[in-house]
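*Asks:* Quick mapping for you: the protein sequence lines, in order, are chains A and B.
Note that the numbering used here numbers the first sequence so that position 109 is 109, with each residue one more than the last.
Note that the numbering used here numbers the second sequence so that position 201 is 1201, with each residue one more than the last.
Because the hints were derived from the structure by calculation, they are not lab data.
Fair warning: there could be bad hints in the mix.
Claimed, not checked - Capping the alpha-carbon separation at 27 Å, the derived lysine-lysine pairs in DSS-like fashion look like this:
(1) B:Lys1167 with B:Lys1119
(2) A:Lys72 with B:Lys1167
(3) A:Lys72 with B:Lys1119
What the hints assert, rightly or not - Output of the computed footprint for chain A on chain B, the stretches with three or more beta carbons under 8 Å from beta carbons of chain A:
(4) 1047-1055
(5) 1065-1073
Claimed, not checked - Far from chain B, some chain A residues (derived; all Cβ distances over 10 Å):
(6) Glu67
(7) Ala74
(8) Gln83
(9) Leu84
(10) Asp87
(11) Gln93
(12) Thr128
(13) Arg140
(14) Glu165
(15) Phe174
(16) Gly184
(17) Gln190
(18) His192
(19) Ser198
(20) Ala204
(21) Glu207
Don't be surprised by glycine CBs; every beta carbon is placed ideally from N, CA and C.
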Amino acid sequence: MAHITDEYLQVLRNMHQLDLNIAGDFLVMAATLCQLKSRELLPRDPALLSEEEEENPAQRLIRRLIEFERYKCAAEEMMLRAQLGRDVFARPQGTQAVDRPLCRDIAPMELAEAYGRLLRIKAEPEPTHKVEFETWSLERAIDWVLATLEQGKSVPLADLFLSAESRSQRVQTFMAVLEMARMGYADVHQEHHLGSVSVTSMIAREEADLSMLKEA
Amino acid sequence: MPDNLILLPFGKNNPHPEPIAPTPPVVNEDVPSNAPADSELLPAVEAVLFAADAPLSLKEIGRILGDVSLPLVRTAINTIIESMERRGSGLILVEVGAGWQLRTHRRYAQWVSRITEVKPLRLSTAAIETLSIIAYRQPTIRQDIESLRGVDCGGMVRNLIQRGLVKSVGRSEGVGRPLLYGTTPYFLEFFGLRDLSDLPALRDLRELEEDDGGDIGPLFD
């Protein structure tokens, strides 16, 4: 008995790493079996014996397992059947070879009535507060970076992000730095591996030509 | 919402994959239909079945062909099936759920599956076991399924509902009025079943015992 329990616990320990669900189901099963076994081992009170015979849990478990076995057999047969979309194929719904009218037999008056009913459905109340998302164009972001940086002076990239107000601004700032590096407007430099990145503006704000970006 | 408000059918982007239940084919009554000559009945039935995107009942086929009687349609279908079998056709004509449908033969699945966009529904063993318990015992409640399988089946049942194979069919009168589950018409189509009586017969206890080579012994040796 102790040996069996030890084994159960061992399996359980391994299962912990796998899936709590499976472990839970296993625990219930193991505990049930332990309980049934201990019932068999313990001497029983003769006075209670007749009552217990009717509700023997081991018998009940066996009956349940047999019943489940029947469905398992049926499931195996079902598994072998040709399944639509895997083994056999039919014309998919909505792709009839003939054109199918969207709606039939609707008089114009009915349409008008339906529209009238729609209008009478209470419109949703105007929202009392609406959050506007400010969108930054890449061009504007570059202009902003140029305005923030002084020509020839290097600034840590992290500082640039700090001064951006929203997440979308931070994203656009990053895009702007990449674009500026591509256009030669900025020099991006990293001191050493995994060190901080600094950005140096190579151009004055007035000199930058962003007309290319406008078209894109 | 007013009950007779006109709703457009769900489009391709339908976020709810549930209503897979076959919609009966629309028969366009504006097109005049004279019943085909006797010699043309067979090919006419074949042509209609080919073009339909859902199973057609004998009655529907008869109506589409301009009031052809049911026995005539049935004979035509039997003859088509025979001739397809005789020449080893790549198609099969089967009765599934609501009616008759042309399908590709499973022998050629590997090639047909290369041209179809639909991803096959992969059902795990546990899913099929749950599904067969629901199919044989319907209408049934979750607790029944769980007491048979001995594990929680909530996720599994939800999954089967999402795949359009199972639906709730009402509530039990029992304590807590739990939901009753049953199979959908799509379930029949999916497994190529005519109706629920077409399900493989449940083997009884004696057969199972014979398989095990004798009676089922005590739980512990």
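*Asks:* Next, verify each hint and record whether it holds.
*Replies:* Results for each hint:
Using a Cα cut-off of 27 Å, the hinted pair lysine 1167 (chain B) and lysine 1119 (chain B) holds, with the two alpha carbons roughly 21 Å apart. About 21 Å separates the Cα atoms of lysine 72 (chain A) and lysine 1167 (chain B), which keeps this hinted pair within 27 Å; it holds. About 26 Å separates the Cα atoms of lysine 72 (chain A) and lysine 1119 (chain B), which keeps this hinted pair within 27 Å; it holds. Counting residues of the segment 1047-1055 of chain B whose beta-carbon sits less than 8 Å from any beta-carbon of chain A gives 5, enough to reach three: the coverage restraint holds.
Coverage of the segment 1065-1073 of chain B by chain A is violated [criterion: at least 3 residues with CB-CB distance below 8 Å; count 0]. A beta-carbon of chain B comes within 10 Å of the beta-carbon of glutamate 67 (chain A); the shortest separation is about 6 Å. For alanine 74 (chain A), the condition that its CB be more than 10 Å from all CB atoms of chain B is violated, with the nearest at approximately 5 Å. Listed as outside the interface, glutamine 83 (chain A) is inconsistent with that label: its C-beta sits roughly 6 Å from the nearest C-beta of chain B, within the 10 Å cut-off.
Distance check on leucine 84 (chain A): its Cβ comes as close as 5 Å (rounded) to a Cβ of chain B, failing to clear the 10 Å threshold; non-interface status is violated. Distance check for aspartate 87 (chain A) against chain B: the nearest CB is about 4 Å away, which does not clear 10 Å, and the non-interface claim fails. With a minimum CB-CB distance of about 5 Å to chain B, glutamine 93 (chain A) fails to clear the 10 Å threshold, and the non-interface call is violated. Every beta carbon of chain B lies more than 10 Å from that of threonine 128 (chain A), the smallest distance being close to 26 Å; the non-interface claim holds.
Chain B leaves arginine 140 (chain A) outside its interface by the beta-carbon criterion, the shortest separation being 34 Å against a cut-off of 10 Å. Every CB of chain B lies more than 10 Å from the CB of glutamate 165 (chain A), the least distance being 35 Å, so the non-interface label holds. Distance check on phenylalanine 174 (chain A): its Cβ is at least 33 Å (rounded) from any Cβ of chain B, clearing the 10 Å threshold; non-interface status holds. Non-interface status of glycine 184 (chain A) relative to chain B is upheld: no Cβ of that chain comes within 10 Å, the nearest being about 44 Å off.
Residue placement check: glutamine 190 (chain A) keeps its beta carbon more than 10 Å from all beta carbons of chain B (closest about 45 Å). Distance check for histidine 192 (chain A) against chain B: the nearest CB is about 49 Å away, which clears 10 Å, and the non-interface claim stands. Every C-beta of chain B lies more than 10 Å from that of serine 198 (chain A), the closest at about 47 Å, which supports listing it as non-interface. Every C-beta of chain B lies more than 10 Å from that of alanine 204 (chain A), the closest at about 50 Å, which supports listing it as non-interface.
At roughly 48 Å, the least C-beta separation between glutamate 207 (chain A) and chain B is larger than 10 Å, which holds for a residue marked as non-interface.
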